[in-house]
Amino acid sequence: MRGFDRRLLTYARSTRAFLIASVAVQAFQAVLIVVQALLIATIIVQAFTEGATLQDVMPRIVQLAVVFGLRALTAFVAEWLAHRTAATAMSELRMVAWRHMMGMGPAWLANQRTGELAQLLVRGIGGLEAYYARYLPQLVLAVVVPLIVGVAILTQDLLAAVIVALTVPLIPVFMILVGWVSQSRVDRQWRWLSVLGNHFLDVVEGLPTLKAFNRAQHQVGQIRRVGDEHRHATMGVLRITFLSALVLELLSTLSVALIAVSIGVRLVHGDMTLMAGLSVLIMAPEVYLPLRMVGQHFHAAAEGADAADRVFSIMAQEPPATGTDELVTADADLSLRDVTLAYGDEPVVTGLSATIPAGRITVINGPSGAGKTTVLNALLGFLPPRNGEVLIGGQDLAHVDVRQWWAHLAWVPQSPQLLPTTLRENLTLGLDADVRDVLAQTRLAPWVAQLPDGLDTVVGEGGRPVSVGQARRIALARALLRNARVLMLDEPTAGVDPESEAAIIDVLREVDATVVVVGHRSAINAIADHTVNVGVVV
Amino acid sequence: MILHDPAVARLRQIYRPASGRLWLAAVLGALALGCSVGLIAASAWLISRAWEQPPILFLQVAVVSVRAFGIGRGVFRYAERLVSHQAAFRSLVDLRVALYERLIPLAPAGLPAFKRGDLLRRMVDDVEAMSDLSLRVMLPIFSAILVGTGSVILCAWLLPTAGAVMAVMLLLGGIAVPAVIIWSSGRGQAVQAPLQAELSSEVLTALHAGPELMVLGADDDYARRIEDVDSRLTSALRKTAVGSALSSALGILIQGAAVLAMILVAVPAVRDGDLSGVNLAVLVLLPLAAYEAVAVLAPSALAAIRVRAAAGRLVEILEAQPPVHEPQAPRSGEGTTIEVRDLSAQYPTGPVAVRDVTFDLAQGRRIGLVGESGSGKSTVLNVLAAYLGYRGQAHLGAVEIADQSGDHVRRQVLWTPQIPHVFDADVAANLRMAKPDATDEELQAALDAVGLPLGLDRAVGQHGATLSGGERQRLGLARAVLAEHPVLLLDEPTEHLDPPTAAGVLATIEQVSAGRSLVVVTHRPIEWLDDHVEVRVP
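Those protein sequences? They're chains A and B, same order as listed. Here the numbering used here is used: position 365 in the first sequence is 365, and no number is missing along the way. Here the numbering used here is used: position 259 in the second sequence is 259, and no number is missing along the way.
The hints are simulated quantities; they were obtained by calculation from the structure and are not laboratory data. Be aware that a few hints might be false.
[What the hints assert, rightly or not] If the Cβ cut is set under 10 Å, some of the chain B residues that face chain A in the computed set are: (1) A197; (2) V203; (3) L216; (4) G243; (5) S248; (6) H325; (7) P420.
Predicted, not measured: the structure shown is a model, and the values here were computed from it. Idealized CB from N, CA, C, for every residue including glycine.
Chain B extracted, bound-state conformation (with noise of 0.2 Å):
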């Protein structure tokens, strides 16, 4: 069953994906399923009735129930679905919430393992996939046993052994069915999740590369790659419209073979006089009808698969190894004197990305962090912001910051990044996250002192679309200006630049900088710098 499923009972423990609403929704439902088969029987019983020319009010109750079915049908569908959808919303909230908490920890320097597009990508469409939990596994498979348990009984009351062929019709739809689905889909997913990535990664390479392969000439050539991936995955498509097929017509094989069992069972009931001949309508007709509560379960064994995938991708990021762990004791450094010696460091399942790096740096100096790419510049920057465990020595106040709380550290130390994150909002709330109670004034006078020419309502747009590169790195800087932390780090905060933009943001640094420390990743040596220190590649 697929709560019990080790990733989803693993998501289980952080969010509840069901509720009362949900039970009530599965109620509904199951009510909503019921009416038409109760439609079916009680029609058939009616006009069966109606043939012996009973007086017309002995029909009453049953026409009142045949239109009572006929309302109730969409009427309960439709409550149910209400309350399902609203149900399943309110626990994805929870589920985000839960592992945006888990998050927490593990960012920035815990995540590496995940390429950034693909975190952002678990985080949300595998957490809107796990609404299917709700919707459309739990839900359907709840409604299935009780409408399916409720026609076996209404057939065994009839005649027992119309309940058993019942009970095996249904529980042949409801097994065998999904079975045959599952086997076919999980044999064309494995063939053809692979082909569809590989079709997407050759697509995106030849649409970014497309100017350059056209201009040396090998775009027809790369052409011929896309239409032989494209046509591996289209016949191995081709290939899954067999399962497909074999499980429809397995569905009314099934249907069919419940019918004439029925049939088999009935009519010689009824010369035996076992069986009133009113009910024998009701029970050939039932099995068209209450297939339909098993129906469903095709699509929700395939969501299951997918509902599994989805929780396993999430659980691998509750898995993820901190980057660096709370000290059980916090200590507190006296001032933001900074010593590195011998410091080396590594992320969670990665090679050593820095290794040995000495520098001191007294309150006020600033100096610049140098070396190739691939050094461990950055690292540091995150050991220094508490961010990264570490070998070696690395002291904030003449306390190691491993044994200070990573929160008191970033109260000493500011980190950026090398393109400083700009939310969604106005300038003034991208500036107010550095400082919550600053006044306008001071927000103004923060924009002033790194020279954006900025009205504090502009939005910005998604990822800061309507700035230049140069305003985002001013924001970020007006951020630090605010902030007042001692220490700043800066990871390449001019690359992406155009010189004279880069000068220009330099020598703003330069002014928000004075009379803090100040470590600085950079590719070429800045000259207003204290002192240079090279990084060497490990």
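This is chain A alone, in the form it adopts within the complex (with noise of 0.2 Å):
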């Protein structure tokens, strides 16, 4: 983690305003720590040199309880600004973050780890709350109060503000110095750490494997081994981050130390007044507090700006770009010319022709691995082609908004999603339409009418499970109810019971649409009226 990234206010426009509110609240802040340390200094003196009575000090005893009520009240006020600020930042950051993720398209997304991405979001930038609460009002305060407590020390003392300008710069300066060694350590230590942290997951995960073979027993040892080696690489990152809070605390408390034996020897030699001496000493410590609260609140505001670092790598990379014309027909043979596909640099399908006639079904086949869902991700428009064109009717699918060719299209992926909803709205997504008919095309309706809730039977997860081959004809007919005039299916009957299969495949054969389907099973091949093959030599 940076100490300070710039990228965490630009995309958080809230936390601006409260970064200017936040520096006169501080500011106020200092300036009742300086007037506390005078009163209490001065209540001192005269009881102590003038004998002076309660009676005498009261009205300073008054004041100072004034400044107290004072101080609680702003750091009331600053704090509450701080979480409030917080909260809005994160959600600031969480949607355009999400926005964008969402905008990198399908071809991205699909290449994600979901799970990760979605922690990021949630618990990853959670976690920024220690930093936009604590450690930016933190920052702020390091810089307003040093400087003016500081100032208030230069009216007292000469020497002790001497003493305090020539340490605290050395503070932020060993704190740079400490982060570099340790951050080049982590990072080298950081993959070894990893395997080991790692090591303890693999085996817990791989338990019923390790019982099968009576060897998970055997194991024991072995996660108290790489547990104490884990234990002694951590130790030897950690020794370096306490030795940066060694050394913070010995500056600080030291020098703390060093003005108080000056003060008194001065005191000794006449050389001062005990007022000045006592005012000092009252906020020597008062510099170095805030100072070193920054390492604390670092370390805890780490772990969300890691998780920013994430984001905002995710934030760098560029959206696709999509065309802009309007889309002339859905109801057009589509081709591929001298199509070749690739995610990276290796190509999956190269020099790849083929046309699918309108209102019939063409299967694509080919070996595993031969890219037969690259081309469906390219008739789908989620992957623009390296090389040649992919046509619909006579138009190049680069130059058309991708949005209304899907406008025409259902999809049923491999894996099809279900929503954490009822079984009606993942029909439906919003559409306002009746669900009865496609139900009974996909042979769907004796099931859902056993269900005791019926249509309003939550699904998904945490909702009742449903089979491969009952999720798979939910996708169907969701796909069913948008009349869509293209129909492309990704291995449909894979996995599937042979009820689905004979339900998904009777609705392919009655369906008056263009129908694409990646193959798996021959049971598709027998209602297939073309063929594209991926990947063979012929």
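Dock the two chains into a complex; use the hints.
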């Protein structure tokens, strides 16, 4: 983590006004600290050297009480502002990042570990609370307070002010130096640390397999050994982190000790007043406290900031370009003209030419890994061809507004996603439509009829479990509900029960649309009007 | 007290979070805190005494102690951190081992109550959270008690009423402020945690279903759902700002009140001669310094809540019902003939998973289990591998499996999960678990037998990331070749494979299982099997 990341303010606009407000509040806080020190010193001096009674110092005591009250009030306001701003800032950043991720398009999304992305958006960005609510205000505090209190010390005693002026700048310098050292050491050990850290996870995940070979007990010693290695490696990194804390504490407490001793010596020689000596002694620790706290909050904020770093690296990726032309018609032959498709540098499909006749069933065949799904992705407009053209009628898909193409399209991927909501909403997806026909077509009607809640049954994560075949049929039903002119299915019968397979095949046979199916089972091939072979040398 | 929390107490039966090292760390921590209190007390005395201009020799002890306290704080803190982290990591390893040992009898059939990700999260994150028990809860409390007592004694020695003031302040700061924090964060958490979970699941679904939603034109609709959950989470977070703000304001008020109270009791005491004027500054400045000892208790309180929650989740694993009981007096069967009559079984806390299955398997015969999804085919394999208890009859070698020890059964019967677990190691290590004393030649022969052209020293990556689905299945079969069990149980070995690869893997299974008994769960009949048994949905 860097000490200060401008992007964390750029994307979260609400933080800028907060930073300005924060400087004002903290400056007021610093002034109160100075007044408090002067009042306490005055009371002690009067009572100690002048034998003052409570009545004599009562006005000061009342003033001191007011100062403490004001300090509590400003602390309340500062903290309240910080937490509210943090909440808003996290939401802003999260939504910007979320829209960017969706804007990256289906091809990008399909290649992501979605679990990690969701974790990043919710928990990762949630970790920024420590950054926005604690670290950022502390950073302001660490600049404002030493400055104001330092000037106040200067008015009381030049030597103490010099000690402060010499040591305070050393703190950030040391922080940065130690930070560099530990960073490079962490980087070097990171891979090793993560290997050790993952070992336990690996063993727990593989426990059923270990047990099958009666090897589970044997791993106990292994877990202990790797755990000990992990401990040694982690301590190696921590030792440096702790060393940085040691340097900071030494600098700050030793400086206060130096100031105290120098004041004592000068008082003995009568070179200084007790008032000046006491007030400087009270103020000196206040100069170092916010600086030390920066270090503490820095570690707490690091986790969130690292997550933010990953978010920004995703946001730095350009979303794919899309065409703007109106789609002429979706009721047309689709054709691939000398198409080369690639995800990275390595081409998956090279020089493929084929025609998919309108209104007919076309099956895409080919061995595993030949790029059947990749071809489907190109037809869907997810993956622009590296070379060649995908044509709808005579129109190049690359120039068409892909949203218009999708408006005529229905797609059943290999593992269709059910939303965690009712069956009805899963089918309509916000459309106002009657679902009875499509339930009958996909032969889901009897199953739905025997569900206690019928169409109001909640499915998806946390809801009623459905089989692969049922999920595909639900996805097919919602595709049919949209009266799409083109239907694309990716291995719709892989891993499904015979009943689902029969239902899916009957639907495909009867539907009035252009059907493109990635093949898997011979039952699909039997209803094909036309086949496209991918990756087969003829 | 946290140690008497039922869940934490239950965990302490299986590992020791505290040890001699931890007590050493606690003493070091108290010394570090004591140094900062001592620094202010000694400095205040030094300055006050110096004002009386005694011979400088009289100040030597104070000068030395001020310097010593200045250095001591950082050094003791450094030592405390080293010792405490070492101790905490050590006990973490103990906890991991202890939990793993308790997981062994549960896996795999006793764990379906926990989703896979959930179980791993508990075993990794919650175990790590337990380190806070010593580092962030027990240590700070111990140090606070030690230093707090010391400060009270010091004050009371100088002026008895001052001791009372100090005691009241420390108790208020150490109890009231954490109580406010616990109240506000508990209120916040109660609202936030479900919203955060809801947001996570919505985001995850949207990312998963993103491509489909975009094609079906439902992505904007879904984005509104997410914005809605996010804004509810944000406003819940904003509400918690009051609690944090209140607690920091309260801290300042308590310190202020203590300083004022000190002045009120000490100033008249100086005048009445009950308190030496030299000690006035010591008493008035001590509250600000000593408050640091209790300031850490607020974060401790939050850590205690997290620890308690983590402990509760870990105890749920400990208390999970074992899916099968080892027999008191194990018997051993003769031969490996399997006879299953009216077999029914269910997972702990689950409904009946399989009902009334009957089949025979003479040594050397090979059969398939077919049936709809959810009919309990995999459950039958769990029973045969002695992973799951059952009703009815399941004989292995003419003796009930329930009467034989699990290890004994699994020396005859080799169970392989749908996707064989591949450990993050090289190929040789992944094979050798099947036969620990195997020579490299034997390993190579096993690889050749299953047609897997991989080098023995090839690293397979986390979760076998560098292997294809077919290669993983073959690696699983190579283990079976090495292990030489007379009975093989395979769970849908060709699921997730494309047809050509599946055909190849099936051919390899035919070779590997020749001469052994085989029970294979499959969706489609396999022609070379001797028989197929249909399992019906219970």
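> Checking against the hints above, which ones are violated?
Replying inline: 6
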